[in-house]
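Turn these sequences into a full structure, and let the hints steer you where they fit.
In the order they appear, the protein sequences are chains A and B.
Everything in the first sequence is counted per our numbering, starting at 18 for the first residue and increasing by one.
Everything in the second sequence is counted per our numbering, starting at 17 for the first residue and increasing by one.
Don't take every hint at face value.
To be verified - With the C-beta cut set under 7 Å, the calculated list includes, among others, these residues of chain A facing chain B:
id : residue
1  : Gly92
2  : Asp93
3  : Gly180
4  : Ser182
5  : Leu226
6  : Glu316
7  : Thr339
Said to hold, decoys possible - List of simulated lysine to aspartate or glutamate pairs, EDC-like, C-alpha gap at most 20 Å:
id : chain 1 : residue 1 : chain 2 : residue 2
8  : A       : Lys206    : A       : Glu159
9  : A       : Lys298    : B       : Glu126
10 : B       : Lys146    : B       : Glu132
11 : A       : Lys232    : B       : Asp87
12 : A       : Lys206    : A       : Glu142
13 : A       : Lys298    : B       : Glu119
14 : A       : Lys359    : A       : Glu242
15 : B       : Lys108    : B       : Glu135
16 : B       : Lys146    : A       : Glu316
17 : B       : Lys146    : B       : Glu135
18 : A       : Lys344    : A       : Glu405
19 : A       : Lys298    : B       : Asp118
20 : A       : Lys232    : A       : Asp76
21 : A       : Lys359    : A       : Glu247
22 : A       : Lys232    : B       : Glu132
23 : A       : Lys206    : A       : Asp140
24 : A       : Lys206    : A       : Asp248
25 : B       : Lys146    : B       : Asp87
Bear in mind the hints are in silico, worked out from the structure with no lab data behind them.
Note that this is a predicted model, so its numbers are computed, not measured.
Even for Gly, the Cβ is constructed at its ideal location relative to N, Cα and C.
Listed below, chain by chain, are the residues.
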Amino acid sequence: MPEQSGNTEAVRDADAIDGARRGFLKTTGLSTLGAMLGMAVPFGRNLPAGFVPAALAQDTGLDLMAGKQGLVVLGDRPLNAETPAHLLDDDVTPYERLFIRMNGLVPQTALDQDAEGWVLTVDGEVETPLELTIDDLKSRFETVTRRLVIECGGNGRAFFQPGTSGNQWTTGAVGCPEWTGVRLAEVLKAAGVKESAVYTGHYGNDVHLSGDEEKEVISRGVPIEKALEEDAIIAWAMNGAPLPALHGFPLRLIVPGYPASASQKYLNRIRIRDREHDGAKMTGDSYRIPAYPVAPGTEVPEEDMVVLTEMPVKSIVTFPETGTEVKAGEAVEVRGHAWCGKGDVASVQYSLDFGQTWQEAALEPAPNRFAWQRWRARVTLPQHGYYEVWARAVDQDGIGQPPLSPVWNPRGYANNIQHRIALVAVG
Amino acid sequence: MSRIIKTFAAALAVLVLGTGLVAAEARLDPMSALAGRPAGSHPLDPMTALRARADAGEARAGNEEFGGLPDGAGAEETYYQCVACHSTEIIKQQRVTDHRWDELWRWMVEAQGMAEPDEETKALILAYLKTNFSSER
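Printed below as a string of structure tokens:
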């Protein structure tokens with residue numbers, strides 16, 4: 018089953034992908050090459066054997082998978098991989114276990130860890146446009162370190178029925194590393210946000226899948242009010258080390274509470290807009306949901322789609338691993354994390370009887386706003402047999418996770434279905 | 017009707033194998049039964065969406081020469097058209113409506129700069145995608 022994988026399977030996946038890539042290069046004909054470059058290849062027959070178009074030589078980042086542990090690869094070009102729930106047990110998600118969501122290819126600057134001459138431009142609806150080096154950021158603004166959840170807007174897409182297009186994330190496109198940087202709000206205030214400001218537009222230097230250097234890979238933004246809250250940061254470090262190549266080196270935004278696509282990687286420009294941003298993957302169906310609830314499978318007119326903003330309340334069970342055997346009649350700890358796009362989670366409950374009765378779990382406070390919160394419970398399974406642990410988090414407004422997928426949407430965003438694991442009690 | 021029975025049988029197989037009480041190696045994960053793309057589920061009867069996915073246990077190996085895409089009319093054309101930008105992994109994950117495939121094609125051409133082939137090839141590729149990676153059949 019492709020959804021589940023331990024280390025060995027992940028390695029095997031990577032091998033299979035390598036094999037597929039070799040096979041691909043072997044069988045690629047010139048007509049294909051032409052299709053790839055979007056044109057005929059003149060004098061094709063004179064090309065040396067083994068010629069690989071520049072578009073294909075650009076790195077997908079797949080080799081960097083060697084530094085990840087136990088992730089399930091959903092796609093190799095672009096590279097996307099998620100983390101099985103039981104590997105997300107750490108309070109601070111380590112690099113090895115942080116999911117990967119690439120929209121394009123990894124830029125060479127990130128692969129080389131070369132930040133020489135990197136400049137962040139802040140322009141648009143501001144009094145004083147800024148050109149900031151990373152040293153400028155470090156010296157001019159207060160450095161803050163925070164644990165912030167980052168979650169792909171499509172996490173949980175696999176549970177929508179009927180299927181929705183995109184990577185079929187289950188529960189693992191989420192993590193909570195510790196980020197270091199400066200507050201986005203302070204940088205924007207230094208530039209002087211004009212009255213006319215409505216939205217931010219974020220830009221990075223990642224490379225389009227087609228290899229076309231003119232083409233934007235992804236450029237999303239957030240309402241200016243969200244950007245001016247104190248939570249979002251411009252980060253240069255993750256877990257005390259420079260940002261890894263797969264996660265945005267040398268600079269990225271972390272805008273907690275919103276889909277992770279708003280947390281631009283490889284950040285080199287923030288443009289303040291006087292209208293909702295219309296960069297790549299802001300428009301059409303991308304990161305948008307219907308303005309009203311629709312029946313599963315409905316095609317929604319483009320003008321009725323609105324930008325997905327706050328992510329819903331959610332929790333996962335990270336221990337034990339699903340399918341674990343436990344002793345009947347003996348207490349065992351069950352635990353996980355809970356988080357919410359609005360900020361702190363109010364409570365977490367769990368059920369051992371398929372949702373018929375619910376018990377309160379102990380919920381720890383967040384070390385800072387938008388960090389995930391640890392929940393724990395000690396459970397005793399009364400007799401041998403099959404059990405499931407279901408968990409549900411409830412936000413400050415009393416809104417909790419549904420036992421099945423929430424309202425369907427064409428691209429399968431914001432699915433906060435309750436997570437369940439199986440436990441087998443033995444006599 | 018035969019599809020329903022087949023689906024039911026597949027669901028039963030998943031349940032039997034999925035308990036792991038007999039097979040210690042089978043990984044238990046109730047989420048996997050929910051991560052389905054059942055063919056023919058009815059939007060106005062939400063319980064139908066609870067069925068295990070129709071293709072559980074039926075996964076076709078696919079043709080290695082074409083990135084694991086299943087053989088069939090249009091497999092080769094689909095492979096060469098798509099891998100210009102992305103690998104076949106993202107294709108193989110999809111179970112979407114015919115309409116969504118048309119929309120995705122339009123989006124790839126208009127927003128992502130995909131080079132559009134001639135009409136005949138386009139029709140062949142879309143028919144292949146709708147046949148093999150569908151939520152409708």
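Hints, one by one, checked against the model:
For Gly92/A, the interface hint holds, the least distance from its beta-carbon to any beta-carbon of chain B being 4 Å, beneath 7 Å. Taken as an interface hint, Asp93/A checks out: its beta carbon lies about 5 Å from the nearest beta carbon of chain B, inside 7 Å. Annotation: Gly180/A was flagged as interfacial toward chain B, and the flag holds, the nearest CB pair being 3 Å apart, inside 7 Å. For Ser182/A, the shortest C-beta to C-beta distance to chain B is roughly 5 Å, which falls under 7 Å, so the interface hint holds.
About 4 Å separates the beta-carbon of Leu226/A from the nearest beta-carbon of chain B, less than 7 Å, and the hint is met. Hint status for Glu316/A: holds, given a least beta-carbon distance of 5 Å to chain B, under 7 Å. Interface hint at Thr339/A: satisfied, since its Cβ lies 4 Å from the closest Cβ of chain B, which is below the 7 Å cut-off. Taking the CA atoms of Lys206/A and Glu159/A, the gap is about 13 Å. The hint holds against a cut of 20 Å.
Note on Lys298/A and Glu126/B: the hinted pairing holds, with a Cα-Cα distance of about 12 Å set against a maximum of 20 Å. For the hint pairing Lys146/B with Glu132/B, the CA-to-CA distance comes to about 18 Å; that is within 20 Å, so the pair holds. Restraint check for Lys232/A and Asp87/B: not satisfied, since their Cα atoms lie roughly 33 Å apart, outside the 20 Å limit. Distance check on the hinted pair: Lys206/A and Glu142/A sit about 12 Å apart at the alpha-carbon level, within 20 Å; holds.
With a C-alpha separation of about 15 Å, the suggested pairing of Lys298/A with Glu119/B holds against the 20 Å cut-off. For the given pair, Lys359/A sits about 14 Å from Glu242/A by alpha-carbon distance, which is consistent with the 20 Å threshold. This hinted pair does not check out: Lys108/B and Glu135/B have alpha carbons roughly 23 Å apart, beyond 20 Å. The straight-line distance between the Cα atoms of Lys146/B and Glu316/A is roughly 16 Å, inside the 20 Å bound, and the hint therefore holds.
Between Lys146/B and Glu135/B the CA atoms are separated by roughly 16 Å; this keeps the pair inside 20 Å, and the hint holds. Restraint check for Lys344/A and Glu405/A: satisfied, since their Cα atoms lie roughly 14 Å apart, inside the 20 Å limit. Taking the CA atoms of Lys298/A and Asp118/B, the gap is near 18 Å; set against the 20 Å cutoff, the hint holds. Annotation: proposed proximity of Lys232/A to Asp76/A holds, straight-line Cα distance about 17 Å (limit 20 Å).
Taken as a hint, the Lys359/A and Glu247/A pair is honoured in the structure, with Cα atoms around 13 Å apart against an allowance of 20 Å. A hinted pair counts as satisfied when its Cα atoms are at most 20 Å apart, and Lys232/A with Glu132/B qualifies at roughly 17 Å. A C-alpha spacing of about 12 Å is found between Lys206/A and Asp140/A, which places the hinted pair at or below 20 Å, so the restraint holds. For the suggested pair Lys206/A and Asp248/A, the alpha carbons sit about 14 Å apart, so the restraint of at most 20 Å is met.
With a C-alpha separation of about 14 Å, the suggested pair Lys146/B and Asp87/B falls inside the 20 Å cut-off, and the hint holds.
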